[in-house]
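6 protein chains.
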Amino acid sequence: MRILLVNPNISDSVSDLIRDEARRSASPGTEIEVKTAPFGVAYIETRFEALVGAYAAAQVAAENVQRFDAVVVAAFGDPGLTGLRELLPVPVTGMTEAALASAHLLGHRISIIAISQRIQAWYREVVDSYGFGSRLASIRALDRPISAIGGVQQEHAQALKALAERAVDEDGAEVIILAGAPLAGLARSLQGQLPVPVVDGVSSAVRHAETLVSLKPGRAQRGSFARPPAKPHRGLPDAIARLLDSPR
Amino acid sequence: MRILLVNPNISDSVSDLIRDEARRSASPGTEIEVKTAPFGVAYIETRFEALVGAYAAAQVAAENVQRFDAVVVAAFGDPGLTGLRELLPVPVTGMTEAALASAHLLGHRISIIAISQRIQAWYREVVDSYGFGSRLASIRALDRPISAIGGVQQEHAQALKALAERAVDEDGAEVIILAGAPLAGLARSLQGQLPVPVVDGVSSAVRHAETLVSLKPGRAQRGSFARPPAKPHRGLPDAIARLLDSPR
Amino acid sequence: MRILLVNPNISDSVSDLIRDEARRSASPGTEIEVKTAPFGVAYIETRFEALVGAYAAAQVAAENVQRFDAVVVAAFGDPGLTGLRELLPVPVTGMTEAALASAHLLGHRISIIAISQRIQAWYREVVDSYGFGSRLASIRALDRPISAIGGVQQEHAQALKALAERAVDEDGAEVIILAGAPLAGLARSLQGQLPVPVVDGVSSAVRHAETLVSLKPGRAQRGSFARPPAKPHRGLPDAIARLLDSPR
Amino acid sequence: MRILLVNPNISDSVSDLIRDEARRSASPGTEIEVKTAPFGVAYIETRFEALVGAYAAAQVAAENVQRFDAVVVAAFGDPGLTGLRELLPVPVTGMTEAALASAHLLGHRISIIAISQRIQAWYREVVDSYGFGSRLASIRALDRPISAIGGVQQEHAQALKALAERAVDEDGAEVIILAGAPLAGLARSLQGQLPVPVVDGVSSAVRHAETLVSLKPGRAQRGSFARPPAKPHRGLPDAIARLLDSPR
Amino acid sequence: MRILLVNPNISDSVSDLIRDEARRSASPGTEIEVKTAPFGVAYIETRFEALVGAYAAAQVAAENVQRFDAVVVAAFGDPGLTGLRELLPVPVTGMTEAALASAHLLGHRISIIAISQRIQAWYREVVDSYGFGSRLASIRALDRPISAIGGVQQEHAQALKALAERAVDEDGAEVIILAGAPLAGLARSLQGQLPVPVVDGVSSAVRHAETLVSLKPGRAQRGSFARPPAKPHRGLPDAIARLLDSPR
Amino acid sequence: MRILLVNPNISDSVSDLIRDEARRSASPGTEIEVKTAPFGVAYIETRFEALVGAYAAAQVAAENVQRFDAVVVAAFGDPGLTGLRELLPVPVTGMTEAALASAHLLGHRISIIAISQRIQAWYREVVDSYGFGSRLASIRALDRPISAIGGVQQEHAQALKALAERAVDEDGAEVIILAGAPLAGLARSLQGQLPVPVVDGVSSAVRHAETLVSLKPGRAQRGSFARPPAKPHRGLPDAIARLLDSPR
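Chains as they are written, first to last, in the working numbering: chain A, 290 to 537; chain B, 290 to 537; chain C, 290 to 537; chain D, 290 to 537; chain E, 290 to 537; chain F, 290 to 537.
Note that these hints are calculated values from the structure, not bench results.
Check each hint, because a few of them may be wrong.
Partial pick of chain E residues on the chain A-facing surface, computed with a CB cut under 10 Å [what the hints assert, rightly or not]:
{"#": "1", "residue": "Q409"}
{"#": "2", "residue": "R413"}
{"#": "3", "residue": "E414"}
{"#": "4", "residue": "D417"}
{"#": "5", "residue": "G422"}
{"#": "6", "residue": "G440"}
Label-pair restraints from in silico Cβ distances [claimed, not checked]:
{"#": "7", "chain 1": "D", "residue 1": "P521", "chain 2": "C", "residue 2": "S478", "range": "22 to 28 Å"}
{"#": "8", "chain 1": "E", "residue 1": "Q480", "chain 2": "F", "residue 2": "R537", "range": "48 to 54 Å"}
{"#": "9", "chain 1": "F", "residue 1": "P526", "chain 2": "E", "residue 2": "G440", "range": "56 to 62 Å"}
{"#": "10", "chain 1": "F", "residue 1": "K505", "chain 2": "E", "residue 2": "R531", "range": "46 to 52 Å"}
{"#": "11", "chain 1": "D", "residue 1": "Q482", "chain 2": "E", "residue 2": "D460", "range": "41 to 47 Å"}
{"#": "12", "chain 1": "F", "residue 1": "R455", "chain 2": "C", "residue 2": "P317", "range": "43 to 49 Å"}
{"#": "13", "chain 1": "F", "residue 1": "K505", "chain 2": "C", "residue 2": "S478", "range": "54 to 60 Å"}
{"#": "14", "chain 1": "A", "residue 1": "R511", "chain 2": "C", "residue 2": "D432", "range": "54 to 60 Å"}
The structure presented is a predicted model; accordingly, all values stated were derived computationally and were not measured.
Just so it is clear, CB atoms sit at the ideal spot from N, CA and C, and this is done for glycine as well.
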């Protein structure tokens, strides 16, 4: 089985973290590839940056999907995910969606630990859009500047752990999600150090993608996740145009 | 006052409808300009098409915003709206958001009349994302093929009116929104023919944009609608890059 | 265009503040008149006082509506608004409803700054009744005695501004509403001094009323905002009785 | 124990129905008195009529409360109830609120059977305002003209029963509320004829009022149901003024 | 009238408290009996303990129901309540459900005061399951060890009172529920000492059970609270088997 | 890896279906064992039957858990699941919870196809308890008698498929869950025959259990899913008592 993870941002250092955790968590026999967006920003904290990342992820996914059994949108917040689910002929998972699916199986009230204050509003809207708002105990975030996005988890490991503990004690969190591709792998490093189960987006997205490939639930032929209807278009990247025009 | 309306789709015929209704509804002294997306699809019905339209709208808006006092995203579903609100230095309104604001002042339960079955799921998600889910009486939609997007309102006027009447009688609608830029102006043509107030997205978006320009509520300097934080980026259109990098 | 603002309370000093801000914010050509309730309390903080204000507003509005194109219920909390929307032959807006409509176009999460602790529960119920509960970041209120209702905004300007800043920093507010007719005009005085957009109820209600008059969405002939059905009544003020009995 | 039921409408025939059912359902030793509003409409179907009924009920209750241990607002929809709870020194219940309290103890999903189509929107808003929206399976209503309000339950008994049966079969109702003072006593007449438990507003309101008097939960001295704060007022009926001004 | 209260726990000291408060609050002529679970834990704080208590309560209720007109599940959290409502031929009430019904008639926002930190999550889920989540101002709980479950209210009376006061001042509580059978009777002892109405679960459950017996709303013959359909079973306690198999 | 599936019902024929589908869907190297409840009913349709099944599942799980890496509660509706998550030292998944987790990754609006009318209310409450109510497009169910519970899927395959198609066309379902252990494996048989993705509870529960075992998120030491606090108990089955008393 071959899984493509698309980093919707331009940070190669984060793509490395994603690749490492994806390979550690994949089942035997699963091949992992990570692609970095050719345009965009260093990391997404806002709605506008998510809009850019969504379009970049769509291009990368469309160009490469033929060689893969599943695609993962590898940024927390899942930019472009629901659109790609319509477009691509294989299962697509996202880090937020997958982390929520895992967390949902471990406890009822979920807290998200994030890397910046600014990122919280966007995360909250994404969680709400999945209907998980009532499960959210809190979002807690670092309030200090990030010197290098690929090094956040080393630099701030203790602060992140402290945020998780406060989420349990003060917000009633029953599960913790360590959010954001820059934190990929941190849940593994903290194993046994937090008082409630801890979920990582990359490993969840990879494992759930494997499960969907394996269970073959079938593709939407009708309803709102079927392919977009054929219609005139102009100026789209070739790979996207081909997917839109391919015979149904 | 100068207002830019951005059609996130490639259909010039729809841009014409938008321009006509915008000019009819603007206050004396307001100048209206409409720009059509240089790339994308003929009209948006799905999440993926909205993702494309959002990026196209962002480019067009960024390239032209300097000459305007306000920007309108002129597609129902508001692709890119909340992202543009972060990025642009002027007020931004969208057709869905504005139509809901008007409808909210006319009745409690709101029905949306749409041009295709497929479009309904996306509309519902957008309405929910604004927190207006509990106000939605129903979405009712045409179930016949659209021969030319610019001619939908002429071709199907009676069917659209019948859908509105059923929304009142069967769904308890207290206000009707005629949704989609291709229906721009239809509310005006149907004046007096429907049993409850009828709202049009383009005229609402223009008038509310005027109100925001006039009342000068101020721009977000903090919080999640402030400009995206400065950070590395790559490969973005010049106009967008300039807005991201401009001094704060 | 002529707009009547009804102050459902007996405070002439507040009516003066309402009149001043309404005139400052109205479009050229709009005439503004403000009427003060002949009976009731100095300002509304509770459900019971709102019940009294609603009946007083209904009387004033019914007696004067013939000379106006629109009516504004000029107390935050909108006492009587939805009832008057059924009864009156012209558009009716309220300060809360209109401020929410404006705020909705400026950000997602909204905080309300209020003049007394007691008033908060009632405001929350009104916001919830409009389906805006999920958009409410917080209500924050002064916790000191009010010496003269017409002078609240001068006396407590700094405290009110500080409450707004805390709403942004601690509650995630993306827009601020300065609530209550006694604060009419304060948003204008604070222009540029708050870190997020600020909305005023009176100016919003006036501008949205103008928009409704201008767009002519039509009146409800069916549904729950049509006129109350003809039926026996007794002892009602003449102006109300005439409206109930007028030919349909 | 003495309980006052206030009919916020002018229909003496409905007051008779209320009195009969209240006496049948009261505990031994409870004295029942019913007062009819001196002004208002024959029966309430709309928000405006509720606004009038609320003010009328407040006057009647204020004038008579000294002789009673509890007050019941005896119209479904509970006009004025939450306001009166602030004002009056004794427990107050309303027909809707009390019927929901009873129904809540008998099943999860509740359907309301109502006497007119028009009345449904108002009922729905009241149920929502109590936070019971998620418990509402449906509201079903007669769709035929009412010839005399005091005779609705005789005239339409079979149609009302049929509506209840459809609510069980089609809407998943687990409990039925027969709504509206004009239906007072119908639940009793239909005993054993409906497939799920049936609740009546008048008997529920009386019994719950008795329970509150008996359990002595105490009166609100703080919070939003404490008495309205002392402040200037003008032109209010004497009985209301006295209650507002009485020493605290 | 005879009412059976089932303590789903093994603590005889708590059964004594339940019996005393039930007898104090019952109407003249009502006979009260309390049965203690033959197996289970000392008091329920968790979902697992509730699962055990539910089965124990079912056994006790099934064995004794023939001699009673109503049954009360006498633990806050109502273990087994909705299941017993299907099974038993008489009305069944629970302490949480009944306390919420009473509180609902006294104010809008309700706070629950509980005996342990751990118990809060379970209480919250039960309140949510009744659709009362939007009415919940807060749950506040003791954070100290319980030395003897039957003596909690004496030992911690001042701490419990302080929690209630904070719920009013900081959480906007308009009514307080003193939760848990071990607190049965405390509301009565604190009469007049708290600033808002206070509700007790045992007395509410008894009074509401009396009301249901008296009003005879009828038993569910259809819908989801009708008796479980006849089907094969094995190994069930005799009393339960008899109720499942009895002729319909 | 060894996974125990507990059938909370007494039907060996259903246990066979569960075992077959579990083995087909498990990863290489996963060993599957299924245990049938020693007491209870043939299949669960009601809250009372779920209460019995929960206690039976708890006993079976407690007696066997030492030999397994994860436990699956193998009845749709997940009787006892959240309680067992507190008690057991290994991950626990349930069919409903797991099917929702899978469906959540495939579409937004989910419909459940069920085997009996009666079962729907209980399913709805369980889905709501997980916070998935807003994701539920509909529950549709067979309305014919079940002759043998182990043969439902053969006997009614076409009717079940037709229900799924109606859920897509009329309710907007984007994913279908075939609910109930008696339907285990049906999704696999219908592969390619339904217009949207189809999810099966048993295979989802097994795969998600494997993922949790593999990712090692850690066990709750604090919060509401930690083990029940030590306290007196009496009369519990030995295996349960041992787990409650084991050193922490």
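Hint check results:
{"no.": "1", "hint": "Q409", "result": "7 Å, holds"}
{"no.": "2", "hint": "R413", "result": "8 Å, holds"}
{"no.": "3", "hint": "E414", "result": "7 Å, holds"}
{"no.": "4", "hint": "D417", "result": "8 Å, holds"}
{"no.": "5", "hint": "G422", "result": "8 Å, holds"}
{"no.": "6", "hint": "G440", "result": "28 Å, violated"}
{"no.": "7", "hint": "P521(D) with S478(C): 22 to 28 Å", "result": "26 Å, holds"}
{"no.": "8", "hint": "Q480(E) with R537(F): 48 to 54 Å", "result": "41 Å, violated"}
{"no.": "9", "hint": "P526(F) with G440(E): 56 to 62 Å", "result": "30 Å, violated"}
{"no.": "10", "hint": "K505(F) with R531(E): 46 to 52 Å", "result": "48 Å, holds"}
{"no.": "11", "hint": "Q482(D) with D460(E): 41 to 47 Å", "result": "45 Å, holds"}
{"no.": "12", "hint": "R455(F) with P317(C): 43 to 49 Å", "result": "57 Å, violated"}
{"no.": "13", "hint": "K505(F) with S478(C): 54 to 60 Å", "result": "59 Å, holds"}
{"no.": "14", "hint": "R511(A) with D432(C): 54 to 60 Å", "result": "57 Å, holds"}
In this structure, the hints that do not hold are numbers 6, 8, 9 and 12, in rising order.
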